[in-house]
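Using the sequences and the hints, build the whole thing.
Number of protein chains: 2
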Amino acid sequence: MLLELKYDEKGLIPAIIQDAENGDVLMMAYMNESSLKMTIDTGFTHFWSRSRQKYWKKGETSGNLQEVKEIFYDCDADALLIKVKQHGGVACHTGNRTCFFRKIELK
Amino acid sequence: MLLELKYDEKGLIPAIIQDAENGDVLMMAYMNESSLKMTIDTGFTHFWSRSRQKYWKKGETSGNLQEVKEIFYDCDADALLIKVKQHGGVACHTGNRTCFFRKIELK
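Chains as they are written, first to last, in the UniProt record's numbering: chain A, 1 to 107; chain B, 1 to 107.
Worth double-checking, as some hints may not be accurate.
[Stated by the list, open to error] As a list, the in silico DSS-like pairs of lysine-lysine whose alpha-carbon atoms are at most 25 Å apart:
{"id": "1", "chain 1": "B", "residue 1": "K83", "chain 2": "B", "residue 2": "K57"}
{"id": "2", "chain 1": "B", "residue 1": "K83", "chain 2": "B", "residue 2": "K37"}
{"id": "3", "chain 1": "A", "residue 1": "K107", "chain 2": "B", "residue 2": "K83"}
{"id": "4", "chain 1": "B", "residue 1": "K54", "chain 2": "B", "residue 2": "K37"}
{"id": "5", "chain 1": "B", "residue 1": "K103", "chain 2": "A", "residue 2": "K83"}
{"id": "6", "chain 1": "A", "residue 1": "K37", "chain 2": "A", "residue 2": "K6"}
{"id": "7", "chain 1": "A", "residue 1": "K57", "chain 2": "A", "residue 2": "K37"}
{"id": "8", "chain 1": "B", "residue 1": "K83", "chain 2": "A", "residue 2": "K69"}
{"id": "9", "chain 1": "B", "residue 1": "K107", "chain 2": "A", "residue 2": "K69"}
{"id": "10", "chain 1": "A", "residue 1": "K6", "chain 2": "B", "residue 2": "K10"}
{"id": "11", "chain 1": "B", "residue 1": "K54", "chain 2": "B", "residue 2": "K83"}
{"id": "12", "chain 1": "B", "residue 1": "K6", "chain 2": "B", "residue 2": "K57"}
{"id": "13", "chain 1": "A", "residue 1": "K103", "chain 2": "B", "residue 2": "K83"}
{"id": "14", "chain 1": "B", "residue 1": "K6", "chain 2": "A", "residue 2": "K54"}
{"id": "15", "chain 1": "A", "residue 1": "K103", "chain 2": "B", "residue 2": "K10"}
{"id": "16", "chain 1": "B", "residue 1": "K85", "chain 2": "A", "residue 2": "K83"}
{"id": "17", "chain 1": "B", "residue 1": "K57", "chain 2": "B", "residue 2": "K37"}
{"id": "18", "chain 1": "A", "residue 1": "K57", "chain 2": "B", "residue 2": "K107"}
{"id": "19", "chain 1": "B", "residue 1": "K69", "chain 2": "B", "residue 2": "K83"}
{"id": "20", "chain 1": "B", "residue 1": "K10", "chain 2": "A", "residue 2": "K10"}
{"id": "21", "chain 1": "A", "residue 1": "K85", "chain 2": "B", "residue 2": "K83"}
[Unchecked claim] Listing some non-contacts, in silico: residues in chain A with all C-beta distances to chain B over 10 Å:
{"id": "22", "residue": "Y7"}
{"id": "23", "residue": "N32"}
{"id": "24", "residue": "S34"}
{"id": "25", "residue": "Q53"}
{"id": "26", "residue": "L65"}
It should be emphasised that the hints constitute simulated quantities derived from the structure, not laboratory data.
Quick reminder that beta carbons are idealized off the backbone N, C-alpha and C, glycines included.
As structure tokens, then:
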């Protein structure tokens, strides 16, 4: 089933991370096939850091691990939606609960 | 404020579309700076189609327009979260309410 996913030219697929309890979108990060497998095998989110070019287990240093509850993929098979229990209640490295804490003004 | 957003090497930024009413993540698509401006100016989502290489106003043919309620951007300024009122109740071209209707089995 994983084989039908479409990774981009860099071998990456975007993963939207959503709080399974309240529905808040917490962050978006990229996975490659290996980090997705680590995520499935361990039950905790693992990503591929494009800036550092390495794997990272979310919360490995902060303790704010993300326990995977459900994983969905979209109609084009080129995006993931992962519902998690956010340990520590904080997903963003800035200390905010969600990475999407800044707003663009509408007209 | 839009200037501080980080577009990728193709001039695109991923936009997560979330139902403002029930928190469902409906879809993920890409915007460039112009389609984001169209989105802000008109109050309805506009994207850039990577496969068709053209702008598309979501719902223009189906009638399932997305009325923008709030736009957020993340800590890295390289992803958008847009909360919408989903007209017609259906976001996905497959007829499903959300594009994320398929699940990956966990261990």
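A quick look at each hint next to the structure:
1. B:K83 <-> B:K57: It holds: about 16 Å lies between the C-alpha atoms, which stays within 25 Å.
2. B:K83 <-> B:K37: Measuring from Cα to Cα gives roughly 16 Å; hence the hint holds.
3. A:K107 <-> B:K83: holds, 15 Å
4. B:K54 <-> B:K37: The given pair, whose Cα atoms are some 15 Å apart, holds under the 25 Å limit.
5. B:K103 <-> A:K83: holds, 11 Å
6. A:K37 <-> A:K6: Judged against 25 Å, a Cα distance of about 15 Å means the pair holds.
7. A:K57 <-> A:K37: holds, 12 Å
8. B:K83 <-> A:K69: holds, 23 Å
9. B:K107 <-> A:K69: Between B:K107 and A:K69 the Cα gap is close to 11 Å, so the pair holds against 25 Å.
10. A:K6 <-> B:K10: holds, 18 Å
11. B:K54 <-> B:K83: Holds, at roughly 23 Å.
12. B:K6 <-> B:K57: Status holds; Cα separation ~22 Å.
13. A:K103 <-> B:K83: holds, 11 Å
14. B:K6 <-> A:K54: Roughly 21 Å between the alpha carbons, so the hint for B:K6 and A:K54 holds.
15. A:K103 <-> B:K10: holds, 24 Å
16. B:K85 <-> A:K83: holds, 22 Å
17. B:K57 <-> B:K37: holds, 12 Å
18. A:K57 <-> B:K107: Distance of about 18 Å is within 25 Å: holds.
19. B:K69 <-> B:K83: Measuring from Cα to Cα gives roughly 5 Å; hence the hint holds.
20. B:K10 <-> A:K10: Between B:K10 and A:K10 the Cα gap is close to 13 Å, so the pair holds against 25 Å.
21. A:K85 <-> B:K83: Within the cut-off at roughly 22 Å; holds.
22. Y7: The claim stands: A:Y7 keeps its Cβ more than 10 Å from every Cβ of chain B (closest is about 14 Å).
23. N32: holds, 15 Å
24. S34: At roughly 15 Å from the nearest Cβ of chain B, A:S34 sits farther out than 10 Å, so the non-interface label holds.
25. Q53: Label holds. Min Cβ-Cβ 16 Å, cutoff 10 Å.
26. L65: holds, 16 Å
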